[in-house]
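Chemist: In order, the protein sequence lines correspond to chains A and B.
Note that the first sequence covers residues 1 to 384 in my numbering.
Note that the second sequence covers residues 1 to 129 in my numbering.
Careful: at least some of the hints might be erroneous.
[Claimed, not checked] Here chain B is said to cover these stretches of chain A; the calculated rule only asks that three of the stretch's residues, wherever they fall, bring their Cβ under 8 Å from a Cβ of chain B:
hint, region
1, 153-166
2, 169-182
3, 225-234
Worth flagging that the hints you see were computed from the coordinates, not collected in a lab.
From a predicted model like this one, the values you see are computed outputs, not experimental measurements.
Backbone N, C-alpha and C fix where the C-beta goes; we use that ideal spot for every residue, glycine too.
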Amino acid sequence: MTVRPVIGHTVKAESAAVITGFGSSEIGRRLGRDPLLLTADAALAALADAGLRPGDIDGVSTYPGALWSTPGITGAGVDDVRALLGLRLRWHTGGGELPGQLGSIVNAVLAIAAGLATHVLCFRTVWESTAQERAGGRSSVVARSGRESLQWGKPYGAGYPTYGALAMQRYMSETGATREQFAQLAVVSRANAAANAAAVYREPMTVDDYLEARMISDPLCMLDCDVPVDGAVAVVVSDAAAAAVDRTRAIRIESMGSASGFDESADMLWSRTELTPSDVDVAEIYDGFTILAVRWLEALRLTSRGETGPFIEGGKRIALDGELPVSTGGGQLSGGRLHGYGALLEACIQLRGLGGARQVPGTPGVAVVSSGAESFTSCLLLTR
Amino acid sequence: MTERPTPAISERTAAFWTGGANGELLIARCQACGWWLHPPLPVCRRCHGRDIRPEAASGHGTVWSFTINRYQWSPSMPPPQVIAEVELAEQPGLRLLTSVVGCDEVTIGMPVRVRFEQAGDAWIPVFGP
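Excised from the complex, chain A in its bound form:
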């Protein structure tokens, strides 16, 4: 495949930026903590990791920022963080209509490549677990939502998982994939979470536990769904040429995909690199529902179209010591819905070799991260 030339540039934008620091707040169920506090904890951890001080940060990028949406889906906006940490910014962006949650990283890279910023603080804060409890539970969140797409489902009793269930049923019918095969995504994620102190669900889980789990919307059960949590993740994206950058620790952004759609986004990512799917050492794919993980695996060509069921059967290939380790920190299924940023954090941890008991053997050199679903998608290929 040819590497797409970048209009007006001799080098691609990705070459201009590196990830210099990453960090997270406490992550958990119903923490009841101020989301700005979670945001500050994550931001300051990322800054410390990058060896930077707040005065060095001149850009902020986030998804979705301060906006009205379902309770707890966002815990801080750009201007909240500017005021909170006393930042002096040259550039910032935030918004809900990015190409997936990782669109906020894509934006940061572009701003750096364009010379608008040197060190961009990127963050994502959620406090859905606490906010949903205060709002009276998950069903009331859906009942009150003004989203037009949900309006079409209301007279039929539909909720968010309905859409996952319809996609999963169709996929199973088209490909012959079984619930026992889907179970492996949940079981392997749980096994990885058991080795990650920051994950929210760490008790051992078996395929039988999955098959006996409460059904939410056949064929989708509770263990096919990720778990709402409170928590924040922050990443510092820096100008690769900046004096403060320690190249031995920096994580390189090999390529980005920001097109609308699983396949479109993944194709864009592969069009901007000479690496191929077989080079991927670890896959931190978006797993809001297990079927979304399957979609991403196939779009990224990590598994063959329609053949993910047999590939993940038994779980050995996607385990930590398998040929394609997936969701090594527990993913959103067992680690908590940090909404794309949890996957990004875990990719950085693995590339830096900081995974401890869940470190992929041999320290991976290439990680793929994906976020979002349907027409709201983005992905990153990261290297050491």
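On the provided structure of chain A, position chain B as indicated by the hints.
Modeler: Okay, now just chain B, sitting in the frame of chain A:
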């Protein structure tokens, strides 16, 4: 007792939600090129025509996918319900989110036809054998 929540009825969605009063499944259709659009939009995605009007569809379709919902998302809708995507006979890919009612078994590809259940001012299109 199941009572379907009344959908928000806007200028754009009124025909779809009220056509059932006359037994009609009204779907937005481009008058220039004949393309059916659901959800209804004021511009045709195929030819960018602006003359979009609701037209009665045949009401025939096939189950594209289905699920048995077991979670109570609405206080007036105690589960279970069969929620489905039905592809209408008029056009490949023309799919509605709906319920399948009046049968013991649902399968992908099963032929279904529309019927309506009243909910306040709305007539909710549902499908059965």
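Chemist: May I ask which of the numbered hints given earlier this structure violates, with the numbers listed in increasing order?
Modeler: 3
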